[in-house]
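Undergrad: Protein chains in written order, with the working numbering: chain A, 1 to 103; chain D, 1001 to 1103; chain Y, 2001 to 2103; chain B, 3001 to 3103; chain L, 4001 to 4103; chain V, 5001 to 5103; chain X, 6001 to 6103.
These are computed hints drawn from the structure, not numbers from a lab.
Every residue, glycine too, gets a C-beta built ideally from N, C-alpha and C.
Each hint should be verified, as a subset may be incorrect.
Examples of chain L residues lying across from chain V (beta carbon under 10 Å, computed) [said to hold, decoys possible]:
#1 Q4044
#2 L4056
#3 Y4075
#4 S4076
#5 D4082
#6 K4084
#7 E4089
If you want the ones that stay clear, here's a sample from chain X, every Cβ over 12 Å from chain V, calculated [unchecked claim]:
#8 F6019
#9 E6047
#10 K6064
#11 I6067
#12 V6069
#13 G6070
#14 K6077
#15 G6080
#16 D6082
#17 I6101
#18 V6102
Taking lysine to any residue pairs in the SDA-like style, the calculated list, with each CA pair at most 20 Å apart, reads [said to hold, decoys possible]:
#19 L:K4064 x V:D5059
#20 B:K3096 x B:T3081
#21 V:K5096 x X:D6059
#22 B:K3055 x L:S4061
#23 L:K4084 x B:S3103
#24 Y:K2055 x D:N1057
#25 X:K6096 x A:G54
#26 X:K6064 x A:E47
#27 Y:K2012 x D:I1101
#28 V:K5084 x L:V4022
#29 B:K3055 x L:V4022
#30 X:K6012 x V:G5070
#31 Y:K2077 x B:S3103
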Amino acid sequence: MAAVSLSVSNVKPLGDRVFVKVSASEEMTAGGILLPDSAKEKPQVGEITAVGPGKLNDDGSRQKPDISVGDKVLYSKYAGTDIKLGSDEYVLLSEKDILAIVS
Amino acid sequence: MAAVSLSVSNVKPLGDRVFVKVSASEEMTAGGILLPDSAKEKPQVGEITAVGPGKLNDDGSRQKPDISVGDKVLYSKYAGTDIKLGSDEYVLLSEKDILAIVS
Amino acid sequence: MAAVSLSVSNVKPLGDRVFVKVSASEEMTAGGILLPDSAKEKPQVGEITAVGPGKLNDDGSRQKPDISVGDKVLYSKYAGTDIKLGSDEYVLLSEKDILAIVS
Amino acid sequence: MAAVSLSVSNVKPLGDRVFVKVSASEEMTAGGILLPDSAKEKPQVGEITAVGPGKLNDDGSRQKPDISVGDKVLYSKYAGTDIKLGSDEYVLLSEKDILAIVS
Amino acid sequence: MAAVSLSVSNVKPLGDRVFVKVSASEEMTAGGILLPDSAKEKPQVGEITAVGPGKLNDDGSRQKPDISVGDKVLYSKYAGTDIKLGSDEYVLLSEKDILAIVS
Amino acid sequence: MAAVSLSVSNVKPLGDRVFVKVSASEEMTAGGILLPDSAKEKPQVGEITAVGPGKLNDDGSRQKPDISVGDKVLYSKYAGTDIKLGSDEYVLLSEKDILAIVS
Amino acid sequence: MAAVSLSVSNVKPLGDRVFVKVSASEEMTAGGILLPDSAKEKPQVGEITAVGPGKLNDDGSRQKPDISVGDKVLYSKYAGTDIKLGSDEYVLLSEKDILAIVS
């Protein structure tokens, strides 16, 4: 079996899942918003890198996702599966764990 | 990737979520209502800052939220995700965790 | 932002929630019913102060509540959210946590 | 606010709830059935004192209860809410927690 | 109030419940099957003594039980409510906790 | 009451349950597959001995099981109820706890 | 009873289950992606070896799986049942525990 190469471009989420690049906590304050120390340890902001086809409905149709590639989002810190590619952190989330778009 | 700037005006809740500014416990007593010490440590009052499009129904329609931007609300203290922007505290809640409007 | 003033008259429960004034344990025995010491520490009696519009059904209609303002009720001690206004205790309950009317 | 007087006759269960007078463990053996010591500490027998209107169905109708006032019943020991009126013990149960009628 | 007499013949299970006489572990080996010591401590065999009318369906009909009075059954050891009548042990089970008939 | 004799041939599973003879871990490696020591302690292979009529659907019909008597199966190690008959181990499983057929 | 021989080719998953060969953590970095030490201890990549017929719908039809034999996938590390065949590790997963295809 050939080796599996993980890179950002070849991760295709299934169902209602989305692939999110975790924003470093330094970046979150670049716009002048100062986060207190305790908050810096809880990065909950990221950018959507890939979106699955959507949740499968009972009748076999798909629920079109409300978010798109490139959206900056807030998500539940304890949700999803963390994945590290090189020095970057990613998280695979269910769409329902995304709380808000921060456009 | 450009930095993500979090500010009150650019948080757009998804689904049935609402963005609420947490009221400081001092303010809650301004109208003459005195809260005992133990209660002061449990701020459960806030003002709605942004409202999502509403919960997605099984048929693809949306359940219109019962609350609006500007409403003062009581909410479950342990619900939602806390977010700090500068010196202000916010919370992202599901509409179902809002208990009452205090108009 | 103006301060939020909590008072009995301006709490408007949402959905299937009701606002209940907790009866002091002394009052519960006024009719001649003597409660043993251990029971006195578990006040589960109150008077309905405000009633929400009712639980939202799946078809968008509301389930009319079975209780009304002024009803004396028994409720589950560990249910709901406690709220103190001045020296009075209140609780915000879901209607399903109200066990019986004690008329 | 007037005091709330709790007495057997004025407890009106809501929904699928029933009001049950707990039988003293002495009484349970009166018919000649001897309960060992360990069992005596788990009274799970009672008599129905009041019955609610029944569980609300999704279509707004009520599910007529299978038990009636006066029925002697076995119930799950850890179910419901205990209430003491004078020297008598009562329990407010959901009908589903009643296991059997012992007629 | 008259005393409640518990005896085998007057226990009438409600809903999907069945009343089962627990078989002593000695009896289980009478047919020549030897149970090792550790298993003897987990009696999970019994005989059906009474059967309820069956689980209530959503449309108000009853789901006829698959077992009958007199059936020997295997059941989940930790399910149900134990009841002791004289020197005999009984258990009130939901039909779903009965695993198999051992005819 | 006569004694209950447990033997393989008289166990009739109810509903979606199946009766499975646990394969000894020695047997699993007979085809040349070597299991490491740690895996030997987790026998999760067995042979179907009896199959229930299938899960009851909401409309009263039965869901025909996907497995048959004689199938070798892999099942979740922590599922079901263990039963020992003589020196043989059996397990009563729900069909959903069977992971795969190893034909 | 004949011995059960486990080999890759004779494992036939039931329902919505899939049989996945776990990729060694060395292989995952072959394409130039360097995984930090802590991540190496969490192999969550594998290749689909066999696919079940799909989840059974309520109407008796099957939900066709979204993945196929040969797909490289990311899956939840703590999901499923581990199986070791010779020196290779496999996992039996429900399709819903597969997060993404990494083609």
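Undergrad: Now look at each hint and say whether the structure bears it out.
TA: Hints, verified against the model:
1. Q4044: At about 7 Å, which falls below the 10 Å cut-off, the nearest Cβ of chain V leaves the hint on Q4044 (chain L) intact, so it holds.
2. L4056: violated, 13 Å
3. Y4075: holds, 9 Å
4. S4076: holds, 6 Å
5. D4082: violated, 18 Å
6. K4084: It is violated, given that the least Cβ distance between K4084 (chain L) and chain V is near 17 Å, above 10 Å.
7. E4089: Violated: closest Cβ of chain V sits about 13 Å from E4089 (chain L), beyond 10 Å.
8. F6019: violated, 7 Å
9. E6047: holds, 17 Å
10. K6064: The claim stands: K6064 (chain X) keeps its Cβ more than 12 Å from every Cβ of chain V (closest is about 16 Å).
11. I6067: For I6067 (chain X), whose nearest Cβ neighbour in chain V is about 16 Å away, the distance exceeds 12 Å, so it holds.
12. V6069: Since the minimum Cβ distance to chain V is about 14 Å, V6069 (chain X) lies beyond 12 Å and the statement holds.
13. G6070: holds, 18 Å
14. K6077: holds, 18 Å
15. G6080: violated, 9 Å
16. D6082: Violated, since 8 Å does not exceed 12 Å.
17. I6101: Its Cβ never comes within 12 Å of chain V, the nearest being 22 Å, so this holds.
18. V6102: Holds, because the least Cβ-Cβ distance between V6102 (chain X) and chain V comes to about 24 Å, which exceeds 12 Å.
19. L:K4064 x V:D5059: It holds: about 12 Å lies between the C-alpha atoms, which stays within 20 Å.
20. B:K3096 x B:T3081: holds, 14 Å
21. V:K5096 x X:D6059: holds, 17 Å
22. B:K3055 x L:S4061: holds, 15 Å
23. L:K4084 x B:S3103: Distance of about 17 Å is within 20 Å: holds.
24. Y:K2055 x D:N1057: holds, 16 Å
25. X:K6096 x A:G54: holds, 13 Å
26. X:K6064 x A:E47: violated, 31 Å
27. Y:K2012 x D:I1101: With Cα atoms ~5 Å apart, K2012 (chain Y) and I1101 (chain D) stay inside 20 Å; holds.
28. V:K5084 x L:V4022: Given that 20 Å is the threshold and the Cα spacing comes to 18 Å, the pair holds.
29. B:K3055 x L:V4022: violated, 33 Å
30. X:K6012 x V:G5070: Satisfied, since the Cα-Cα distance of roughly 15 Å is no more than 20 Å.
31. Y:K2077 x B:S3103: This hinted pair is violated, its Cα atoms lying about 32 Å apart.
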